[in-house]
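Since chain A is already given, all that's left is putting chain B on it; use the hints.
Line by line, the protein sequences give chains A and B.
For the first sequence, counting from 1, position 59 maps to 59 in the working numbering; every step adds exactly one.
For the second sequence, counting from 1, position 45 maps to 327 in the working numbering; every step adds exactly one.
Hints were generated in silico from the structure; no laboratory data involved.
Quantities reported herein were computed from a predicted structural model and do not represent experimental measurements.
Certain hints may be false.
[Unchecked claim] Where chain B lies over chain A, by a calculated footprint (3+ residues, C-beta under 8 Å):
hint, region
1, 17-29
2, 49-63
3, 97-103
[To be verified] Okay, the calculated beta carbon distance ranges per label pair:
hint, chain 1, residue 1, chain 2, residue 2, range
4, B, D338, A, V139, 54 to 62 Å
5, A, D33, B, Q320, 12 to 20 Å
6, A, H247, B, G301, 32 to 40 Å
Yeah, the Cβ is synthetic: ideal placement off N, Cα and C, and Gly gets one too.
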Amino acid sequence: MYRYDQYDQAIVDTRVEEFRDQVARRIAGEMTDDQFKPLRLKNGLYLQLHAYMLRVAIPYGTINAKQLRVLAHIARTYDRGYGHFTTRQNLQFNWIKLEDAPDILAELAKVEMHAIQTSGESIRNISADQFAGAAADEVCDPRPWAELIRQYTTFHPEFSYLPRKFKIGLTASDNDRAAIQLHDLGLQVRRGPDGGIGFRVYVGGGMGRTPFVAHLIRDFLPADSICSYLEAVLRVWNRHGRRDNIHKQRIKILVHDLGAPEFTRQVEEEWESMRQDRGPGS
Amino acid sequence: MKLLTGNNLVNGYVIWWTGEGWSRHVEQAADVAEKGEQIAQVETAACRVNNPYVIDAEPGPNGPVPAHIKERIRATGPTVRPDLALKPADSDAGSYVI
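Okay, chain A solo, but in the shape it has when bound (with noise of 0.2 Å):
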């Protein structure tokens, strides 16, 4: 499984001294909770009806025994000696302290973990196949593009003030375990024509309260376009998405409201010019 570079542990260690700080002002009453909450939500730290609660990300659904003790130790230690483990491959801590929080960021990041991008208006964890690398009927093991597009959408500054939150789904098999066509962006790993490795592109899937199957936009793409073709497609969607109703911010509401057929040229003209501009292999 990946392991942390220096780059990644800093990003994660400075992270939680950086929220460590914004608690305690927090608490001493130097940011009011309007200034605070989105911090707070940055940190995959909510406010729920009966405490606060604090949702952990397991990346892909890869999670290695030293990395469960320590959120065994976390449920013990700070929580009611519970965590939930969510569809979406999360680990949620229903009774967290607000004051405990950053020593609990501080555990995670000592075993590779965080809390980033689990809450917010930001691309999520991904969430993949959950015999992905062990599959029989999978192309490949299509954990390594999730890592990929993990590190390309983390911190990512045009990403960083989206209309809602955006949920990518992975998997490299015809057998869809991972409900990728549930998500916002569902990609499936599958061979070309000419036998390269590449995606199936989906958009505009999701649950809730406005339930849709997300539409077909591109039948093969290849591997190598994966972050351009992602970022044209919240591109697309930054530009047109809209701000003005919670209701309506998914992109799935706007892939329906524009039709796949609209949306998809949008995606690919987008992503043309991009190409344009960048150079071919973008």
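Coordinates of chain B only, in the frame set by chain A:
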């Protein structure tokens, strides 16, 4: 009657204004009448509560009972894990949640 409620800033627990301070037990909540917003402003500024707001309630045999089911659930705790719920002074509280 009107109650003032919110969450404790530091630990996030649901709390109720008693007239002198905050309690986790809704049975100890005081009727704030028309003074809810004023108290909320003072308590927010003092960092003793997060997101305070006024709700409707009815008097009960053991203290106020929130009018809306959401607030009754907030008062007692998770309905799916009653072992984790707050044990209220009102032994009948569990039956008025739903």
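Against the structure, the hints:
1. 17-29: Check passed, 4 qualifying residues.
2. 49-63: n = 4 at 8 Å, threshold three: holds.
3. 97-103: holds (count 3)
4. B:D338 <-> A:V139: 54 to 62 Å: holds (58 Å)
5. A:D33 <-> B:Q320: 12 to 20 Å: holds (18 Å)
6. A:H247 <-> B:G301: 32 to 40 Å: holds (39 Å)
The structure meets every hint from the earlier list without exception.
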